[in-house]
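J.: The hints should help you fit chain B onto chain A, whose structure is shown.
There are 2 protein chains.
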Amino acid sequence: MTAGLSTAQLTEKHLSTLDQALDAIRTRVYWSPFPEHPKAYGPEGVPGSPSPADGQAAFEALRGKRFELDQPGTDGWAGGEVSPYGPELGIEYPHPDADVLLPAMRAAMPQWREAGPEARAAVCLEILARINARSHEFAHAVMHTSGQAFMMAFQAGGPHAQDRGLEAVAYAFAEQTRTPHSADWSKPQGKREPLELRKEFTPVPRGISLLIGCNTFPTWNGYPGLFASLATGNAVLVKPHPRAVLPLALTVRVAREVLRDAGFSPDLVALAAERQGEGIAKALAVRPEIRIVDYTGSTAFGDWLEANARQAQVFTEKAGVNTVVIDSTDDYKGLLSNLAFSLSLYSGQMCTTPQNLLIPRDGIGTDAGHKSYDEVVADLATAVSGLLSDDARANALLGAIVNGQVEERIGAAAQLGEVALASRSVTNPDFPDATVRTPVIVKLDGAKPDSEAAYLSECFGPVSFAVAVDSAADAVRLLRRTVREKGAMTVGAYTTSPEVERLVEEACLEECAQLSLNLTGGVYVNQTAAYSDFHGSGGNPAANAVLCDSAFVASRFRTVEVRRPA
Amino acid sequence: MTAGLSTAQLTEKHLSTLDQALDAIRTRVYWSPFPEHPKAYGPEGVPGSPSPADGQAAFEALRGKRFELDQPGTDGWAGGEVSPYGPELGIEYPHPDADVLLPAMRAAMPQWREAGPEARAAVCLEILARINARSHEFAHAVMHTSGQAFMMAFQAGGPHAQDRGLEAVAYAFAEQTRTPHSADWSKPQGKREPLELRKEFTPVPRGISLLIGCNTFPTWNGYPGLFASLATGNAVLVKPHPRAVLPLALTVRVAREVLRDAGFSPDLVALAAERQGEGIAKALAVRPEIRIVDYTGSTAFGDWLEANARQAQVFTEKAGVNTVVIDSTDDYKGLLSNLAFSLSLYSGQMCTTPQNLLIPRDGIGTDAGHKSYDEVVADLATAVSGLLSDDARANALLGAIVNGQVEERIGAAAQLGEVALASRSVTNPDFPDATVRTPVIVKLDGAKPDSEAAYLSECFGPVSFAVAVDSAADAVRLLRRTVREKGAMTVGAYTTSPEVERLVEEACLEECAQLSLNLTGGVYVNQTAAYSDFHGSGGNPAANAVLCDSAFVASRFRTVEVRRPA
Numbered sequence: 001m002t003a004g005l006s007t008a009q010l011t012e013k014h015l016s017t018l019d020q021a022l023d024a025i026r027t028r029v030y031w032s033p034f035p036e037h038p039k040a041y042g043p044e045g046v047p048g049s050p051s052p053a054d055g056q057a058a059f060e061a062l063r064g065k066r067f068e069l070d071q072p073g074t075d076g077w078a079g080g081e082v083s084p085y086g087p088e089l090g091i092e093y094p095h096p097d098a099d100v101l102l103p104a105m106r107a108a109m110p111q112w113r114e115a116g117p118e119a120r121a122a123v124c125l126e127i128l129a130r131i132n133a134r135s136h137e138f139a140h141a142v143m144h145t146s147g148q149a150f151m152m153a154f155q156a157g158g159p160h161a162q163d164r165g166l167e168a169v170a171y172a173f174a175e176q177t178r179t180p181h182s183a184d185w186s187k188p189q190g191k192r193e194p195l196e197l198r199k200e201f202t203p204v205p206r207g208i209s210l211l212i213g214c215n216t217f218p219t220w221n222g223y224p225g226l227f228a229s230l231a232t233g234n235a236v237l238v239k240p241h242p243r244a245v246l247p248l249a250l251t252v253r254v255a256r257e258v259l260r261d262a263g264f265s266p267d268l269v270a271l272a273a274e275r276q277g278e279g280i281a282k283a284l285a286v287r288p289e290i291r292i293v294d295y296t297g298s299t300a301f302g303d304w305l306e307a308n309a310r311q312a313q314v315f316t317e318k319a320g321v322n323t324v325v326i327d328s329t330d331d332y333k334g335l336l337s338n339l340a341f342s343l344s345l346y347s348g349q350m351c352t353t354p355q356n357l358l359i360p361r362d363g364i365g366t367d368a369g370h371k372s373y374d375e376v377v378a379d380l381a382t383a384v385s386g387l388l389s390d391d392a393r394a395n396a397l398l399g400a401i402v403n404g405q406v407e408e409r410i411g412a413a414a415q416l417g418e419v420a421l422a423s424r425s426v427t428n429p430d431f432p433d434a435t436v437r438t439p440v441i442v443k444l445d446g447a448k449p450d451s452e453a454a455y456l457s458e459c460f461g462p463v464s465f466a467v468a469v470d471s472a473a474d475a476v477r478l479l480r481r482t483v484r485e486k487g488a489m490t491v492g493a494y495t496t497s498p499e500v501e502r503l504v505e506e507a508c509l510e511e512c513a514q515l516s517l518n519l520t521g522g523v524y525v526n527q528t529a530a531y532s533d534f535h536g537s538g539g540n541p542a543a544n545a546v547l548c549d550s551a552f553v554a555s556r557f558r559t560v561e562v563r564r565p566a
Numbered sequence: 001m002t003a004g005l006s007t008a009q010l011t012e013k014h015l016s017t018l019d020q021a022l023d024a025i026r027t028r029v030y031w032s033p034f035p036e037h038p039k040a041y042g043p044e045g046v047p048g049s050p051s052p053a054d055g056q057a058a059f060e061a062l063r064g065k066r067f068e069l070d071q072p073g074t075d076g077w078a079g080g081e082v083s084p085y086g087p088e089l090g091i092e093y094p095h096p097d098a099d100v101l102l103p104a105m106r107a108a109m110p111q112w113r114e115a116g117p118e119a120r121a122a123v124c125l126e127i128l129a130r131i132n133a134r135s136h137e138f139a140h141a142v143m144h145t146s147g148q149a150f151m152m153a154f155q156a157g158g159p160h161a162q163d164r165g166l167e168a169v170a171y172a173f174a175e176q177t178r179t180p181h182s183a184d185w186s187k188p189q190g191k192r193e194p195l196e197l198r199k200e201f202t203p204v205p206r207g208i209s210l211l212i213g214c215n216t217f218p219t220w221n222g223y224p225g226l227f228a229s230l231a232t233g234n235a236v237l238v239k240p241h242p243r244a245v246l247p248l249a250l251t252v253r254v255a256r257e258v259l260r261d262a263g264f265s266p267d268l269v270a271l272a273a274e275r276q277g278e279g280i281a282k283a284l285a286v287r288p289e290i291r292i293v294d295y296t297g298s299t300a301f302g303d304w305l306e307a308n309a310r311q312a313q314v315f316t317e318k319a320g321v322n323t324v325v326i327d328s329t330d331d332y333k334g335l336l337s338n339l340a341f342s343l344s345l346y347s348g349q350m351c352t353t354p355q356n357l358l359i360p361r362d363g364i365g366t367d368a369g370h371k372s373y374d375e376v377v378a379d380l381a382t383a384v385s386g387l388l389s390d391d392a393r394a395n396a397l398l399g400a401i402v403n404g405q406v407e408e409r410i411g412a413a414a415q416l417g418e419v420a421l422a423s424r425s426v427t428n429p430d431f432p433d434a435t436v437r438t439p440v441i442v443k444l445d446g447a448k449p450d451s452e453a454a455y456l457s458e459c460f461g462p463v464s465f466a467v468a469v470d471s472a473a474d475a476v477r478l479l480r481r482t483v484r485e486k487g488a489m490t491v492g493a494y495t496t497s498p499e500v501e502r503l504v505e506e507a508c509l510e511e512c513a514q515l516s517l518n519l520t521g522g523v524y525v526n527q528t529a530a531y532s533d534f535h536g537s538g539g540n541p542a543a544n545a546v547l548c549d550s551a552f553v554a555s556r557f558r559t560v561e562v563r564r565p566a
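Protein chains in written order, with this note's numbering: chain A, 1 to 566; chain B, 1 to 566.
None of these hints come from the bench; they were simulated from the model.
Among the clues, some could well be false.
A pair counts as met if it fits within one copy or between any two copies, since identical chains are not told apart.
Using 30 Å as the maximum straight-line C-alpha spacing, the simulated DSS-like pairs for lysine-lysine come out as follows [unchecked claim]:
(1) K448 x K371
(2) K333 x K187
(3) K13 x K187
(4) K443 x K65
(5) K13 x K39
(6) K65 x K371
(7) K65 x K282
(8) K282 x K39
(9) K187 x K39
(10) K448 x K282
(11) K448 x K39
(12) K191 x K333
(13) K39 x K191
(14) K448 x K65
(15) K191 x K371
(16) K65 x K191
(17) K282 x K443
(18) K443 x K13
(19) K443 x K333
(20) K448 x K191
(21) K191 x K282
(22) K371 x K333
(23) K443 x K371
Okay, chain A solo, but in the shape it has when bound (with noise of 0.2 Å):
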């Protein structure tokens, strides 16, 4: 590591970077400083990033270890990951006191919240810029906690999480600069003297912020949150889900580096590790220190936050019900292979896979003629068959069940309909304890009261359900009930109907759901690109956030102003 970088260093390194993406998420146009090819990292690729094989290795000699970090406050160890591919990481992280730990924490805050926004970034930047370097060791450490396959465990573990954690120091950046340092006020008298005051503004920094980290996409989910407060002022604790503890280790690891190598109390970022059963975030999350509180889980855990931890900003991303409506198409080849696509994708272990396909009984017309919903829903089964019908393959797909609960869920859906398609195994000959699991579809009709609580209630996994509606019209109306009650990350349709698309555009606009239309090539309902694409909307039950506008940031600080004769 390099010692001793000044922040002057460290500005000048990275201000480039940060400027280009206060212009992307100004313009929304594609950008990002961190190649997403596994390719390009390596002694010819990214600079100081190790070659693949160096990646592995440096994850492998993690395992079974004890993981060091020296922050105060540390009264044991805790661990117990298995990854998902079946061996346990036998790894142990130190275990909080937090009335040690806390105290040490806010003790860091004042010379960083000084240090002002721009040193901040670029700090931020430091420390995105040497995860990135280490990409190949992290989309291990990703894809054996959260069972993801390699190549999104890679990507969306590695250079997509830190855009999106950029995206947030960005986003931090233009609000805390948005009021000058200082300003010379002078109020007119008529004929007498103005009144004359010298102002100076201080973004100040709220507390301690907690990550509550979640165990399937523990960087890309917890990156936002975590820079987002850290360029903010604040220090931040880590809370990983407590079988994905490694990725966020890791970065607390590199964060605590930069921090120190940049003349910074490490203690601004620690990891709160837990033991089998703790429950420790219940305890954090209600601490008078605990300011800011990022979560991605569960929507009873979530609704508990939110209920309680009421001296906190607290930010969530609970469950939702995704649908895509399916009332036409000129391009029917191009929506089969994009949804088997999405469905297949990590198993439908995203909080963005489609869940509810909604299909007119009475079928869809298409540039291969007339459907009816018994040949749509064959032909997707179909197209999921064929997608992953090579092994190697479905397992570059679809990666590993993250935990038991998910392949239960698999076998109870099959009970609440006609099977369309059914979940096989797969076997991954690499990990052969992994569990790998294809997607099931389940025929469920939509005017049927008793379909009611499987389509409205969220499955989360390799499940999606095809709803026969009336017509274009109720599947609208379907939409916008699921929404409102239920929520939803995202929402995808199919329609060559003007009117059709409308409908479908105005219950999005109402209900607060991120709409795809027509997806038919490489782009996937469930992916979105940092900088431009909106992750959840906020608006409806899903997500009170969304990662990441100004919202999610211009909180996480407050101004305070000093103002003096002048």
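T.: Relative to chain A, chain B alone:
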């Protein structure tokens, strides 16, 4: 009223004002489009403004009548305002049937959303311009509900409130237009064709916004939330304090007129007057249609709203305890006259009025020599007495006591310690029934635990405590504790010592309070200027929001993205 104004006409009329407001919130220099002197209004002055006499006549014409508003869902009439100056207003307002009114308000929103940020800003500016022209009428309405003296009712209730409303419109416009209306996104794919999407971004409202008004500053504290919500596409239901309905009822009437003239549904803004003891705010605040709440008032109800109106974004300004640290000065006379004015203005019935004056028990250094604690307190008492010695001037500064509880507090305060300045009753020859009281100053010893209960509670009204402390450092310790535990809207300090100045600044930065240093001229700690000063910090218990920053507007709308293949 001008009928049938197009939004294009309104935009052209007001765009330059909006641009200037956007510049002002960026530079924080002095600016206002609304003249603050009463004489600026009339046929020779602000276009369209009636003469002061006609303004007063317009107010008088409202008295003793029903205040008709053609809003849907009126199930009766409610009223009963009695001027703090004595007279009953005798006005009855429509009482809402929320089950009829709220759906009508919701139905008005899609067209308002479709109009877009610029048209909404223009309509808001037209509302403010028409209110501005009627500032004399509003001044009498504010005077006879809040008890403010005429000049203050005119300025704070008129142009300054309009400034705070315009400031909120500017913030709302800036925030909604940070994301472009559309973007073309093209992601390179190596040798393959790039992925290309057309993306559209639309700011969408949250729902119906509920404004819960206060008794003392119905317009000044009400306009920021009202206009921030309206400008971001929401409908706004205005629930005034039952003793200060008229200023907001007039506001609602003007808003409805402008909305109708501009081709929108007037139901985007409606009034919810309540019957005596009805507590309608509690029922409205938790309705699912209400997605935003703005509130100014007691800590108890503010806390209740934050805990219970969980379906809404809740912005509160509650009680606080404001402190002035008096360490030393190079303008003793200026210090005394400035503080005397701050304590006297509107009989201390401002959320920003200083309460605790922390003075070292060994006295302070001044340009007029060393002054003992007793001398400082006695000189301040003399300065207040001198300022208010003339009854006409006293009436013009003090206004009337807004309600019986304030009067009771004056009496009770005198029992808490040695009275350095007794409150006296002043007769108002124009309004013999008005209760007009000068400030009471009570000496307390900060080292005596039994004084704590007094100076660590908000004693709203013309009561201040001269608290003897051990030293400047002791004063800063008490300041920190007060802000952290009780909150503060304002902090003042007088010092010639760079070290004490640094300590006070550091305390305000860490405890998140707005600081005015060494005010000795015509700017007072209890006054803030829109576009430049922040009112409250949002970071201590006195308020969870600031008038006005981007956090105050950013979460009032969401951005919905629709993306489709390019």
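J.: Compare the structure with each hint and give your call.
T.: Status of the hints after comparison with the structure:
1. K448 x K371: within (22 Å within a copy, 85 Å between copies)
2. K333 x K187: between (68 Å within a copy, 23 Å between copies)
3. K13 x K187: between (42 Å within a copy, 26 Å between copies)
4. K443 x K65: Neither, since 48 Å and 64 Å both go past 30 Å.
5. K13 x K39: The answer is within: 24 Å in one copy meets 30 Å, while 57 Å across copies does not.
6. K65 x K371: Answer is neither: 57 Å inside a copy and 67 Å across each miss the 30 Å cutoff.
7. K65 x K282: For K65 and K282, only the intra-copy Cα distance (28 Å) is at most 30 Å; the inter-copy one is 56 Å.
8. K282 x K39: neither (41 Å within a copy, 60 Å between copies)
9. K187 x K39: between (61 Å within a copy, 18 Å between copies)
10. K448 x K282: neither (40 Å within a copy, 39 Å between copies)
11. K448 x K39: neither (51 Å within a copy, 71 Å between copies)
12. K191 x K333: between (78 Å within a copy, 23 Å between copies)
13. K39 x K191: between (72 Å within a copy, 16 Å between copies)
14. K448 x K65: neither (55 Å within a copy, 57 Å between copies)
15. K191 x K371: Answer is neither; intra-copy 82 Å and inter-copy 35 Å both fail.
16. K65 x K191: For K65 and K191, neither the intra-copy (77 Å) nor the inter-copy (44 Å) Cα distance is at most 30 Å.
17. K282 x K443: The answer is neither: 39 Å in one copy and 45 Å across copies each exceed 30 Å.
18. K443 x K13: Neither way: K443 and K13 sit 55 Å apart in one copy and 58 Å across, limit 30 Å.
19. K443 x K333: Only inside one copy: K443 and K333 sit 21 Å apart there, 84 Å across copies, limit 30 Å.
20. K448 x K191: neither (80 Å within a copy, 49 Å between copies)
21. K191 x K282: neither (62 Å within a copy, 50 Å between copies)
22. K371 x K333: Answer is within; shortest intra-copy Cα gap is 12 Å, inter-copy 89 Å.
23. K443 x K371: within (16 Å within a copy, 87 Å between copies)
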